[in-house]
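Top line first, the protein sequences correspond to chains A and B.
So for the first sequence, my numbering puts the first residue at 1; every next one is plus one.
So for the second sequence, my numbering puts the first residue at 1; every next one is plus one.
Rather than coming from a laboratory, the hints here were simulated on the basis of the structure.
Every residue, glycine too, gets a C-beta built ideally from N, C-alpha and C.
You may find that some hints are simply not true.
[To be verified] Restraint-style ranges between C-beta atoms, simulated for each label pair: (1) 67(B) x 499(A): 32 to 38 Å; (2) 227(A) x 51(B): 41 to 47 Å; (3) 6(A) x 79(B): 50 to 56 Å; (4) 268(B) x 218(A): 39 to 45 Å; (5) 95(A) x 58(B): 46 to 52 Å; (6) 157(B) x 197(A): 52 to 58 Å; (7) 514(A) x 58(B): 47 to 53 Å; (8) 34(B) x 222(A): 24 to 30 Å; (9) 336(A) x 306(B): 55 to 61 Å; (10) 514(A) x 34(B): 57 to 63 Å; (11) 88(B) x 179(A): 42 to 48 Å; (12) 477(A) x 306(B): 21 to 27 Å; (13) 197(A) x 34(B): 51 to 57 Å; (14) 484(A) x 81(B): 48 to 54 Å.
Read off the chains here:
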Amino acid sequence: MAHGPKPGFSRWLYTTNHKDIGSMYLWFSFAMFLLGGCMALVIRAELFEPGLQIVQPEFFNQMTTMHGLIMVFGAVMPAFVGLANWMIPMMIGAPDMALPRMNNWSFWILPFAFAMLASTLFMDGGAPNFGWTFYAPLSTEYAPPSTTFFIFSIHIMGASSIMGAINIIATILNMRAPGMTLMKMPLFVWTWLITAYLLIAVMPVLAGVVTMMLMDIHFGTSFFSAAGGGDPVLFQHVFWFFGHPEVYIMILPAFGIVSAIIPTFARKPLFGYSSMVYATASIAFLSFIVWAHHMFTVGMPIAGELFFMYATMLIAVPTGVKVFNWVTTMFRGSMTFETPMLFAIAFVILFTIGGFSGLMLAIAPADFQYHDTYFVVAHFHYVLVPGAIFSITAGVYYWLPKWTGNMYNETMGKVHFWLAFVGLNVTFFPMHFVGLAGMPRRIPDYALQFADFNQIASVGAFLFGAAQIVFLFNVVRTVMGGKKATDEVWDDPEGLEWTVASPAPYHTFSTPPAVR
Amino acid sequence: MLKGFDRLFALLATSLPAYSAFAEVEGAERWGVNMTQGVTEVSRTTYDLHMLIFWICVAIGVVVFGVMFYSMWRHRKSKGYRAAQFHESTAVELVWTIIPTLILVLMAIPATKTLYDIYDTGEADLDIMVTGYQWKWKYDYLGTDVSFFSNLSTPRSQVDNQLPKGENYLLEVDEPVVVPVGKKIRFLFTANDVIHAWWVPDLAVKKDAIPGFINDAWTRIDEPGIYRGQCAELCGKDHGFMPIVVKAVPEQEYDAWLNERAAQAAKMRELTEKTFDFDELFAMGEKVYNRNCAACHQPNGQGVPGTFPAIAGSQVATGPLDKHLNMVVNGSSKNPAMQAFGPQLSEVDIAAVITYQRNAFGNEMGDTVQPVDILNFKNKQ
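Isolated chain A (complex conformation):
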């Protein structure tokens, strides 16, 4: 047992092993995904038909708020950190993460943060009910008392993310195997390196904005209250200075995963590796100068409006380059369509559709009609669900045989894919229609002309939810046993992770590998 894990619960509590911590992050994020998903189902059940049936508006607002917060901070971000923990050391030929104790700490504070956030549901006055964007003064002067707990849990999540990001940067910059130059790193490592910088840049801004809220609520300041000389719009500027890079934090690692999977199943090297790196860096840079496109209706001067419109439109260029590169990688490949590839292809198609609606939203005068409608809800679910969630799912199917040593059930994987694919489109595509037809977002009840498409969307949501149960079942079965995977798992995939045994031994690359 000298080099193996300790038995029992203390293995998980005290572990400094990147694989253990990666697994814990992934299981935690899946639990949060189910919790946030259940909240989404409450929302969709209430919106199944006009009128108030299941919940009252107060609780409805708590559901939309908590669904957003839990999915963003509890499901998507920790899942990517989990994948980073598992894969980055194995991809760069390092024995572990650079800062293993901090790694343990950054995971273990998360369950406490989310337990606290979830506990607000049971407090007097209920959970936060001001939307995941928590605009002041609705989130300060007019907020329920539980807001203070919300602020504290955001602080803990932020600390966890910053520590995770520091760890990833330290690992990538210091622990690459000899010969693994920066421009030889797999794209997943590249995208995560850039994401980690984004995290370090913007999580303190989020911490700042919630601290300003805390001061306004408890210590008599007026940052966001006009009555005291403050400015409610200041909140939005600070929030979105965090919030826009945040949405790229949730998509850049996805680009990395898809860039690993498509070449493997097209049996052809990734097209335009260096342009992919530059495109990722450009997107990250642009993400800092487009934040106010979330605020086109706050009444900015026209010069500001134009600047943010042009800058936002520019993002289409590097994003387009990425999509073209993926399509060209597939072109004249020799493709097979195993579950990871299905999810990756769905990613490219549906993320591109989300990109198109994003381009439409960038056009400021048209955005006056789209802003705060279901069109926006459709847009960001099209980039987040097939974007972040599908890529994470694809990554799990792709690397699960390496992690467990067993092959997952391919038929069940395909069933999962098709249920999720159909469910997602049935849920979110009609939202474009009701949004354009004039349905505002975040309303618990709606006018009759929106009824038909809402009903369809609700049916799709439950289908999408059911698909995740297939996923859980498949993963658990694979962890328990199944057909043994080879060391390479797939047909001649690229990367150091495929040079170690399956399942990957508890410690890999204790001596650095040779990199060609």
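On the provided structure of chain A, position chain B as indicated by the hints.
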């Protein structure tokens, strides 16, 4: 087994009345999939811009997805296709960087023009101040005495599925904002509590109403009609229940309406001098209560435990009159959800609602408050 199905059908049948309520909506309005063209020049330009960008996206999509599906069809291992090994080309990368940039420039030109047009709020024929409240809109016709609140008029029983839903469910108000056609109308937006957003799709006007700040926007409506919209910024519990109704009428009709409203305002000032008896005040008070108070304190006066205090048996409503007056006129200093109704309601309405609250829900104070008492209270401050 059959019995189980029967029961299921019976259950479905009983839920049908609520369900069929919206089956009666006009066919043309249902299944709407696109933005309205609206009734102003700006709304039509916005629509054209939206469609232009949409078709450009469709064209790009057809090319990209076309190549992708062709490739997925032809370049499969199962068809014995052997993979090529090419993996970079600077020329190709340059092409698909430069062409999209040019397309973006083409999009930006009409977008910029439209934006300048939308921002040109100068030289308006009339100004209307729009103030967002939780959860209603107030309209002040600047330069006149006309000022009123506009509340949702859909009855609560429709929301709770006790009555069939009407044609304009959740999009109807007690007092629409009346405007003349063919005139340049400038709206000035602000809010009393949290941020709201005033949105009428047919006018292509959406602007945030922000407490402490004033935004503006303009419109010129071509044809008379009723145009409906909603609050577009999450503003708390009843965000989904504060619609906007704009009634555009010919100019003469508008002038007549404005004069009539100004006369009503003058009459209201007279009423403040009048003494009402208890029954009159109680009856008026019930209406004022249901319109302004019931959303939080509930129609039965029981409030929502932990969030909104009850009126029934409350210390304020059954305590000294001065405290009660102060609470209604100035709002609560501890809980911002309890607004200052002094500036929102007339003296008559405040007198009536206080009388009502002190004598309804089992509160048996037996006292009446007259409009002039409210006026005196306000003047003392």
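Quick rundown of the hints versus the structure:
1. At about 34 Å, the beta-carbon gap between residue 67(B) and residue 499(A) stays in the expected band of 32 to 38 Å.
2. At roughly 44 Å, the beta carbons of residue 227(A) and residue 51(B) sit within the given window of 41 to 47 Å.
3. The supplied range of 50 to 56 Å is met by residue 6(A) and residue 79(B), whose beta-carbon atoms lie about 51 Å from each other.
4. Between residue 268(B) and residue 218(A) the C-beta distance comes to about 42 Å, which sits within the given range of 39 to 45 Å.
5. The hinted range of 46 to 52 Å is satisfied by residue 95(A) and residue 58(B), whose Cβ atoms lie roughly 51 Å apart.
6. Checked against the hint of 52 to 58 Å, the pair residue 157(B) and residue 197(A) passes, with Cβ atoms roughly 56 Å apart.
7. The hinted window of 47 to 53 Å between residue 514(A) and residue 58(B) holds, with their beta carbons roughly 50 Å apart.
8. The supplied range of 24 to 30 Å is broken by residue 34(B) and residue 222(A), whose beta-carbon atoms lie about 43 Å from each other.
9. A beta carbon spacing of about 58 Å between residue 336(A) and residue 306(B) agrees with the range 55 to 61 Å that was offered as a hint.
10. Taken as a hint, the range 57 to 63 Å holds for the pair residue 514(A) and residue 34(B), whose Cβ atoms sit roughly 59 Å apart.
11. Separated by about 21 Å at the C-beta atoms, residue 88(B) and residue 179(A) break the suggested range of 42 to 48 Å.
12. Taking 21 to 27 Å as the suggested C-beta distance range, the pair residue 477(A) and residue 306(B) does not conform, at roughly 45 Å.
13. In this structure the hint that residue 197(A) and residue 34(B) lie 51 to 57 Å apart at CB is violated, the actual value being about 41 Å.
14. The beta-carbon spacing between residue 484(A) and residue 81(B), approximately 29 Å, falls outside the hinted interval of 48 to 54 Å.
Comparing the model with each numbered hint stated earlier shows that hints 8, 11, 12, 13 and 14 do not hold.
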